[in-house]
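Start from the sequences, fold in the hints, and give me the full structure.
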Amino acid sequence: MYKIIVVGGGHAGCEAAHIAAKMGMKTLLITMNIKNIADMPCNPSIGGTAKGVIVREVDALGGLMGRVADISHFQIKMLNSSKGPAVRCLRAQADKVTYPKNMLKELNNTENLEIKEGKVEDLIIENKVVKGVILDNGEKIESEAVILTTGTYTKANILVGSKSTPSGPHGEDRSNYLSDNLKKNGIDIIRLKTGTPQRIEASSIDFSVLQEEKGDDEAHTFSFDLKPSYDPTKQRSCYLVYTNENTHNIIRENLSKSAMYGGYATGVGPRYCPSIEDKIVRFSDKERHQLFLEPESDYYNDWYLQGFSTSMPEDVQEKMVHSLHGLENAIINKYAYAIEYDAINPLQIKPTEENKIIENLFTAGQINGTSGYEEAAGQGIIAGINAALKLQGKEPFILKRNEAYIGVLLDDLVTKGTIEPYRMLTSRAEFRLILRHDNADLRLREYAHELGTISEEQYARFTKKKEDIVELKEYLTNTKVEINDETRKIFEENNIEIPTTNMKALDLLKRPEINSKFLSKLIDIPYSKEVIEQVEISTKYAGYIEKSYQQAEKLKKLEEKIIPEDIDYKKIINLASEARQKLEKVRPRTIAQASRISGVNPSDISVLAVYLKKEYNK
Amino acid sequence: MEDTIASISTSIGIGAISIVRISGNEAIRIVNEICSIDLTNIESHTINYAHIMDKDEIIDEVLIMVMKSPKTYTKEDVIEINTHGGINTTNKVLELLLEHGARMAEPGEFTKRAFLNGRIDLTQSEAVSDLINAKTDASRRLAINQVNGKINEKINNLRDKMAKLISNIEVNIDYPEYQDELQITVELLNKELREIKKELDKIIEDSKNGRIISNGINVAIIGKPNVGKSSLLNALLDENKAIVTNIAGTTRDLVEGSITLNGVAINFIDTAGIRETSDVVEKIGVDKSLEAKNNADLVILVINNNEELDEEDKKLLASADENTIIFVNKSDLDSKVELNLSNYVKGNTLSLDGIRPLKEAIISKFSLDKIMNKDMTYVSNLRQIDLIKKAIMAINSAIEDVDNNVEIDLIEINIKNAWELLGEVTGKVYTDEIVDTIFSNFCLGK
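From first to last, the protein sequence lines are chains A and B. Its first residue numbered 1, the first sequence is counted upward by one per residue in our numbering. Its first residue numbered 1, the second sequence is counted upward by one per residue in our numbering.
The set of hints was computed from the structure by calculation and includes no laboratory data. For every residue, glycine included, the Cβ atom is placed at its ideal position computed from N, Cα and C. Keep in mind that a hint or two might mislead.
Some, not all, of what chain A presents toward chain B, calculated at C-beta under 10 Å [what the hints assert, rightly or not]:
#1 50
#2 427
#3 541
#4 544
#5 554
Put into structure tokens, the structure is as follows:
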């Protein structure tokens, strides 16, 4: 018998199955189509702002997304390099053929993990505990825990104009009954919507009139364990395209034909990826909208037209695309569509992603109301870890808001719920100065080691890095930069004010105009790039970082105040009635989480804290 | 680690001594920064004589009681400061604590901490719970009443302005490749932040007027014996017989009588029993007069026109500051004083015309004529003033960051902090506000 069954082979499913197997659980991954393992049905990229940090967090925890992306892209870029360290992020243009292939290879090489094709339509549930899955052909497969990572496949409809077709992404089969069966068991189902733009034939695009966007000259990797394995001079480019008045007119004239505006759709779409008709209607004074053309693969000729997603009928889409400068003669290989699907209300899951109603049932990814490959992967790894821990009878693994973007993501979902597909943004993370992509390993690898999800070799590399950081800091404190004729010249050549006296190297580094690159011209710094980066950031931004840690420390005490699961809010007489209702609905795990629920006021938190003290002496 | 909290723990205006209490692990650090003695190694449970200082200026002569954790009411470090000045001095001490990092305690918060830290036993808990509930409800109502509609609107407008700025910065961060969106630059921030700061400063300035309107102006009349202090007071009060009362309340000092000027109460405080006509009073010397200044918003220093200045006069004149009006009395008699001052008022107590110049001087000193013409948008609650002042401090840090070429996402931290503090003033705390603003104002995404 299997310990854990993972249903769905998308980005959440891959991470969940891999990590659970790594933790010694006999795991079965069931997918409808093995060719669609780690499929990228929408944009051809991994990472980006905030999302790129999640990729590194997954990597730090022993997951796959980062290392697979590192060997599957044809362009990689550091975003926000001119801004502060907290918001810098990597984004890779991943090859849609290579990425799934490399992911499948990783899964096939994972011990304890089997993959099977099949369509899950029901669960075996006894006394509110899940015991396995039932396939559409009636086959029953037993397990001790089930992780649902069914993405946008549950009761999905594809919308193009007034046409609605029951179908998963790009014409794949969908699950017809699973969400209804979940509903029967008391799970609250919500309906969401997302969309994807057109794919354009490469040979029909006039690249000569478009603005080119290149990858970075410097090589990067997501993974803390890999060295760059690509040639930065041989990256592929993306291109910028703009809409114009003509495009807008076509859209306005045909608005009633759009699935969304014609009233053919019922799902709620995300505000951060509005369809182009949404953009034209809501921002009518904008003269143009920026679009991006991104290559999908080295193995076929589709270019992804980012920013142009729509649910207009095909003939209107033709006119719209042809109105764009550079795409006058474009051939559309795939039309844009909107997709509606069933998801579960995330207020019904715990921060471990276990369901509150059905024990040992976990959910991760778009079924929890999120959007994005990276958000899915982050949830997948947490669900996999917690399912394994639960079966091992161990304490759950919950990342706090000041520990990881993944922690922010799950806390937001289970505390606030969502009415649109949730996308991670840096602005959602109040501790983003601590949650940087450069220190994801420092934040999480110790946990991964305890969980047994990284190898001893990986851990040793991490420990060495940590030691080097301490050493380098000491070294820079003890090393003086002499001001003499030779160094004066270096300052002058770089247009940097010459210090009046000899200075400690570390103090010099604190000055805003001086970076480690300049410093290394004055003194020898025999450490790796990553180690120097850590010391530089922690020195330069010490004041800001210290403040963030102080704020996080304040929160810690509240995070440690656990609310017993069996608490009866009706017994707390002094709670305001709105607070009582919200608390009953969310059933927060800690006082800190309770304080983040909208409608729960500080006075309610006081009352709750006093009640806990009195009743449970917590 | 909890905030360090402070408040005045005696009833305001009652009793000769007020106690300002502060609790939390920053308590000793904060008090140390504003007092004349070094508390860092002080023994626990000791009473120490010291001055409370605002930089170099002595604010009050106090007794500081230091009680270190855990043997204290809240089980945290607690310091109690016994102040001797009146309400203004005590408020000033509290304001200094807040400026140096303490937070104004919520009603019942010391007791709440005492309970949560296990200081009060369980039998008392029900009462505590009721207390917190009752007090927080009351304070919630209070907060709503005290922030009147106009100030609320003003602060909300400022917050909206800041939210737009913040969300624009967020868009620049989260969508770095959208070149058509407005890129927030240092120049733009500089301009916007300075405007915001100006408006916040104005709210604080108005709040001073606000307090004047609600509490009135406390005036002490000082001068050496026989210059006519009591006749001056009588002349001022007699004109407004109806309002001559003994009001105990707003200060620990007895208010001898009040008049209104342009609708604002002018309270003459009984600093040395000047109303009594007996010789005893006139014996009270210069030192006592100087001490009286502590309790007053305004000091009227009386000089006799008909007498040459002596040492005592000179000493008093030397103490005159921006809150002093020098009144040269007995202008009906021959002038024997020589004043090298440009700033004094001449008059006498014989007629209405004689004291009119003095009244006009008071009106112009506090711009009373202008106050009443303004709309009454002011904040009078100390907690709110504290929050707004902290918001100003955050904006100042942001401006400093801009000047130092700090990266935009770091500058934003301070702007956001100020925005959150202002949210607490109006009671508006809604975590997804920025995300909502991003998507209602910017057009992005696939």
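Here is what the structure says about each hint:
1. 50: holds (7 Å)
2. 427: holds (4 Å)
3. 541: Hint on residue 541(A): holds, closest Cβ of chain B at ~7 Å, below 10 Å.
4. 544: Constraint on residue 544(A) satisfied, holds at 6 Å.
5. 554: holds (6 Å)
In the structure shown, no violation is registered for any of the earlier numbered hints.
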